[in-house]
Amino acid sequence: MGLALSLCFGAPAAAQKWEKFAPAGGDFSVLMPGKPVKTDQEMQTAFGKLVNHMFLLQSGEAVYMVSYGDFPEPVSDPAVIKRMLDSARDNAIQATSGRLKEEKEIKLGGHTGRELLVVLPAGLTRARAYWVGKRLYQVVVLMPEGKGAAGEKAREETMAKFLDSFALTPDAAGAK
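When we follow the working numbering, the leftmost residue of the sequence shown carries the number 48, and every step to the right adds one.
In case anyone wonders, no lab produced these hints; they're calculated from the structure.
Hints are supplied without guarantee of correctness; some may be wrong.
To be verified - Ranges of calculated distance between the beta carbons of each label pair, as one might list FRET restraints: (1) Asn138 with Asp211: 19 to 27 Å; (2) Ala69 with Ala207: 14 to 22 Å; (3) Gly157 with Ser212: 35 to 43 Å; (4) Pro125 with Glu192: 32 to 40 Å; (5) Glu66 with Lys200: 32 to 40 Å; (6) Lys64 with Met90: 20 to 28 Å.
As the structure is a computational prediction, the values presented were derived from the model and not from experiment.
In this text, a Cβ means the ideal position worked out from N, Cα and C, and glycines have one as well.
Construct all of the structure, not just a fragment, from the sequences and the given hints.
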C-alpha cells in the first residue's frame, strides 16, 4: 500500500467490458475493465531489496492497481504480519497525503489481510493487502468522490466489483 499515484480522471468507462486478468507468475486473477500496464520497481525494505510487480490501469475516472512483492523468507507469525501491514498502511497514507477513513482486518483463503478506505485530495481509494507466505499482494482502486447518493452507490459497486474479484490461484496456496 506504499503507492503514490497522480490521478487524471477522464470520461466514464461504465460500458467497458470487464475481463479476467491473470499474469504469469502472479498466482492471482482479478477482473479489470481493460488490460493493465506492468512495471517492476525495486524497493528497499527492512528485509532487504525486493521487486514489486505492479499492474496498473486507468479507465475513465478510476485507477486500478494490483501488485505483489516476494520477501526473502515466508512470514507466518501473526504479530510480524500485523506490523508489516501496519507499516504498509502508514507508508501509503504518508505517500498519498491521505487520511484514513476506515480500516478492518480481512482474510482471503485463510491468509491475513487488511482493507483500508483512504480519503485523498483527488478522491477516495479502497485498498486490500494480503500476506501469503513470503508474498505481499496489494489490490487498490482510486476513484473520485461520488456526487450524491447515486454517485456514491455507483462508486462503491465498482470498487467492490474489482476488489471482490481478486482471487489466489492454486499455485499461491503454497505461498512459495
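Going down the list of hints, with the structure as the test:
1. Asn138 with Asp211: 19 to 27 Å: Hint holds: Cβ distance 25 Å, inside 19 to 27 Å.
2. Ala69 with Ala207: 14 to 22 Å: With a Cβ separation near 20 Å, Ala69 and Ala207 satisfy 14 to 22 Å, so the hint holds.
3. Gly157 with Ser212: 35 to 43 Å: For Ser212 against Gly157, whose Cβ atoms are near 19 Å apart, the range 35 to 43 Å is violated.
4. Pro125 with Glu192: 32 to 40 Å: holds (35 Å)
5. Glu66 with Lys200: 32 to 40 Å: Because 24 Å falls outside the window, the suggested range is violated.
6. Lys64 with Met90: 20 to 28 Å: violated (33 Å)
Hint check: violations occur at hints 3, 5, 6; the rest are consistent with the structure.
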